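Engineer: Given these sequences and hints, build the entire structure.
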Amino acid sequence: MADAPPAPATSRKDWASDQEVRWCPGCGDYSILTAVQLLMPELGVRPESTVFLSGIGCAARLPYYMNTYGLHGIHGRAPAIATGLAMARPDLDVWVITGDGDSLSIGGNHLIHALRRNVNLTILLFNNQIYGLTKGQYSPTSEAGKVTKSTPFGSLDQPFNPLSLALGAEATFVARTHDMDRQHMMETFRRAHAHRGSAFVEIYQNCNVFNDGAFEQVTSKQNRADMLIPLRHGEPIRFGAENEKGVVVDSQGRASIVDVADVGEEALLVHDEARDDPSLAFALSRLAAGPTTPTPIGVFRSVSRMDYGQSVDRQLAAAQERRGPGDLAALLTSAGTWEVNGN
Amino acid sequence: MGVDHVTETASAPAGVEPLEQVVIRFAGDSGDGMQLTGDRFTSVSAALGNDLSTLPNFPAEIRAPAGTLAGVSAFQVHISDHDITTPGDAPDVLVAMNPAALRAELGSLPPGGALLLNSDAFEERNLKKAGYASDPRSDGSLEKYKVYEIPMTSLTLDAVKDLGVKPRDAERSKNFLALGLLSWLYTRPVEPTVEWIQKRFASREQVLAANLAAFRAGHAFGETAELFDHPYTVRPAALEPGTYTNVTGNTALAWGLVAAGHKAGMPVFLGSYPITPASDILHELSKHKNFGVRTFQAEDEIAGVGAALGAAFGGHLGVTTTSGPGLSLKAETLGLAVSLELPLIVVDIQRGGPSTGLPTKTEAADLLQALYGRHGEAPLPVVACLSPSHCFTAALEAARLAVTYRTPVILLSDGYLANGAEPWRLPDVTTLSGIDPNFATEPNHVTDDGTPTFWPYLRDPETLARAWATPGTPGLVHRIGGLEKADGSGDISYDPENHERMTRLRAEKIARIARTIPPLEVEGDPDADILLLGWGSTWGAIGTAARRLRAAGHSVANASLVHLNPFPPNLGEVVRRPKQVLVPELNLGQLTKLVRADFLVDARVISKVQGLPFTAAELEHHVLAALEVPRG
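Chains as they are written, first to last, in numbering that gives the first Met the number 0: chain E, 0 to 342; chain D, 0 to 631.
Derived from the structure by calculation, the hints contain no laboratory data.
Since we're looking at a predicted model, the values are computed, not measured.
Any given hint might turn out to be false.
Claimed, not checked - Stretch-level coverage of chain E by chain D, calculated; a stretch enters the list once three of its residues show a Cβ under 8 angstroms from a Cβ in chain D:
1) 77-85
2) 190-198
As the list claims (entries may be wrong) - Ranges of calculated distance between the beta carbons of each label pair, as one might list FRET restraints:
3) D:H282 - E:T133: 38 to 48 angstroms
4) E:T133 - D:T355: 24 to 34 angstroms
5) D:R503 - E:L132: 21 to 31 angstroms
6) E:A316 - D:Q197: 52 to 62 angstroms
7) E:R313 - D:A596: 51 to 61 angstroms
8) D:A201 - E:D249: 57 to 67 angstroms
The beta-carbon is built from N, C-alpha and C at its ideal position, and this holds for glycine as well.
Structural biologist: Encoded structure:
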C-alpha cells in the first residue's frame, strides 16, 4: 500500500514464533529458516502483512516457525491457495514454502500455472532430491538409478530440472542458491522478494537422514570454487579457484565450460538476467545435469511483467469506472422485468 | 390445443381462444437453435405475465451428427394463467424440425396432441438417419395426433431470397420461422422479439435481416395459411403483486452470491474450473467486476477450490462452483477447510453420474457425497435449492452459514434448476438480512506472563464459531493448518484427548446450526396417509402432485428440505406422524437412507435416474399405487 507508513524496525526475534522447531538435527532446513528470519528485518516489511504458506513435507513446516500469518495447507496445493490469497490481497507479501515432492510431483500443475500467470509470490523450493517426511522414497528430482525404499533396483525416472521447468513455464524470476551459504541465500531471497510477480528460487538442501551429501560435490566449502558458477548480471561468467574457467555459448545455443586461457575473456558469455528471451537462461540451467558437475547459482532470469493480482485489480477498476460501483437492485432487474399489479 | 380449454370471455380478442395453460416442446437438431427459440418464446411469455417453467434438454456434444437421434435438442416450456411449479407433465404441442426430433420426442406427446412438423425435412435421407423404415406421416403412425405439416425450410428460403443470403445460411433461420408461427398461434406480441433480434444480431447485418424476415414470415404464415382454426392465448397469471424477472437457476445463484458478498461487506472471490452444467455461474460472475467480484478460471478443480480457500483466508467470500466429478476432486481441500474453519461456499450443480455420466442431464445423486465424501470426521452444512429462483435465496443462506460458523458449506443445485427458468418476484434488496463476518481486531487471550495475544481457536460460546483475524491485522499474527490444533490456542497438538475434543467441537458447531433453521413446513395434514418428503429440485413436482391428490380427496401431505445438514429440528416429528413416508429422489434413495437411519422410520424411495426431473403425474401415479396397497 503506497501510503502506508514505513514499517517499524524489527529484529530476528520479532520474526520467530514461539513454536519449537522440529526438524531432524542437522537438517538443511534450519539454515534456510535462519537465513529467512535474518533477512526479514532488512526488508522493511511488517509481520502482519507477511504470509508464509506451504503444502506438505518437511519444508512445509516452516510457516509454523515464522511470527507472521501462516497457512500450512495440503500436499502440492500451496501455489493454488497462494494464488487466491495474492489475487484477493495484493497488499500482502506472500511466501510459498515447498519441496521437490510437493511442488514438482503432486503439485506440479499448480506450480507451472502460478509461474505462467506471474502471481505475486516468492516461492522457495527446498530441493533435497528425496521424500523425507514419508521416510525416504525417490522424488521427481532424484537422479536416475536412485536406490531407495521404493526403488530397491534403482529408479527408472528421468528427473526434473526445476529451473528448466520454471523457465519453460514462463517464470519471470528464476534463481538457485544452497543451504551451505547463508549470505548467498539471503541475497537471493532479497532479490526474489523484491521481484514483483512469481519469483522462483531452488534451494539445494541437504537431507542428512535420507539423502545425505546429495549436493556435497558442489556445495562443500572445499569444492565450491571449482563447482559453483556464480551468475552476476552484466559480468562474464567465470569461476574456479583462480577464476580460470568460464562459460561460452556455441552457435547451436549450447552452453559449455571452457578454460578462459583457451578462448580469451571476450569469448565468455556475459550474463544478462534481464534478457526477455529465456533461451540463454535455459541453456545455463542445462549446464549441469545434476549437482555433480559445475553448477550455476544466482539469478538466472529476472524480467518485468505485470503481476496477476495487479492485472486483476486493473480490470476491476476499469469495470467500476465504466459502470460505477455495483448496484444490487439494478443487477436483479438487468434482464428485463414486468410488473404484476394487485387486483 | 391445450389441456384446459376454458370458456371464451370478453377479455380475449375475438377469435382468440383462451387456455389456462399450454406446454410446448420445441425439438430439432442441436444446430437448429431450439434452445434459443424456446428461450425467446419463454421471455416473451414472461413479459406477458404468464407463470412459466422451462425444461431445456440437450445433448452433451456441441454439434452431434446432424439428423441423428443423438443430436436432438429440445426445449419444453409450460406457460400458464395460474401458479405453476413444473415444466408440465407432457407437451400439448410438439414442434419437430426433422424426423429425428419427431422420433426422439414423440413418445412424450399424449394422444390428441398437436404435432407441428417441418415437412421439408422429411425426405428419405433424414428418415433413414432417424431410423424410420417408412415415412411416419403416411404410414399411419401419427394417426393419434393432430398433425400440421409446414414446409418450414422452403418458407424460410422464400422469405430471405431477396436478401442475398447463401441458401445454406438462409436455411439456418428456420427456427425463427417456427418462433414466428408459434408467436402467432399463441398471440405473443411481435415487437419484443423483433427488438431482441435487432439487438442480438446487430453485428451481423445479413443474419439479422434473415432472422427477422423468417420470424415475420412465420407469423404471417399462421395468419394466412388457414391451417389453424384460430389462435390461442394464455392470459397473465394472478401472481403476487410485484416486479418480476425471468430467471434461470444458475443466474439466480450467481446473483445470490453477489448479494451475499454485498451484505457481508466481503468481496466475492470465485475460483472455478469449467464444467457442465456449472460453467454459466462462472460466466455470469465474471461480468460483475464492478461489484468487486474476482473470478479466477483455475488450472483444475483443485486449484479452483484452493484459490477460493486462499482468498477466504484473506477475508474474501471464497466460492467455488462445480459438478459431481469436480466435487470429488475438491474433497481433500474441503477437509482442510473444515480443519481451518474458514468460510467457503462450494456449489455443486449435480448431473447424471458416476464419472462423466450424463453431463447435460439432471440428477441429484451427490447428496451422500456432499454429506460424507471426505476423509476423517469432516461435517459441514449442506443446503439445497428448490427452484430456479430459490437458488438466489439458497446462495444467501449458504453464505450466512459459511461466514457465521466459519465453515465450508456445500450448496446443491442440479442441471434441471441450472438451465430451467421461471418468473421471480424480485426481493427488496434493502430488506435482505445482513451477514456479519465479525472479524477479530483485538487480542482475545492473555498468556501466563500477562501478554495479550490472539488465539484463533477460541470460540463463540453460542455458535462455537472460532475467532477470525485476517492477514494485515496488526498484533494478531497466527498460523493455521491441516494438522490438529490445540483447543483455543490453535497450536499443533498431538494430544489424544484434545483431538477427540476438537472432533466433537467441530461436529457440535455444525449441529448447532439447527437452532437457526426454521422448522420444516408441511403442506397438508401432518398426520396424512402419505407424506411426500423431498429435497431440492423435486419441490415443484412434489407440490403439484400433492395438491392435485388432495384436491381429489386423498390424504397426502408434502414437505421439501432445504437444509440437509443439519436437518431442521422438527424433521423427526414430521416423518413420524404420517402413516407412510415416500421420498421422491433423482437417485436410488439417498435421503431415504438418511431418514431411515436418523429416525428409524420406514421411509420408501420413489426413484428416477433418467436424466430428467419427475413430472407431477409420475408422482401421483406412485402415490395412488401406495394408497391402494397400504403397508401393514
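Engineer: All hints, please: hold or fail.
Structural biologist: Structure-based check of all given hints:
{"no.": "1", "hint": "77-85", "in the structure": "holds (count 7)"}
{"no.": "2", "hint": "190-198", "in the structure": "violated (count 0)"}
{"no.": "3", "hint": "D:H282 - E:T133: 38 to 48 angstroms", "in the structure": "holds, 41 angstroms"}
{"no.": "4", "hint": "E:T133 - D:T355: 24 to 34 angstroms", "in the structure": "holds, 33 angstroms"}
{"no.": "5", "hint": "D:R503 - E:L132: 21 to 31 angstroms", "in the structure": "holds, 28 angstroms"}
{"no.": "6", "hint": "E:A316 - D:Q197: 52 to 62 angstroms", "in the structure": "violated, 33 angstroms"}
{"no.": "7", "hint": "E:R313 - D:A596: 51 to 61 angstroms", "in the structure": "holds, 53 angstroms"}
{"no.": "8", "hint": "D:A201 - E:D249: 57 to 67 angstroms", "in the structure": "holds, 58 angstroms"}
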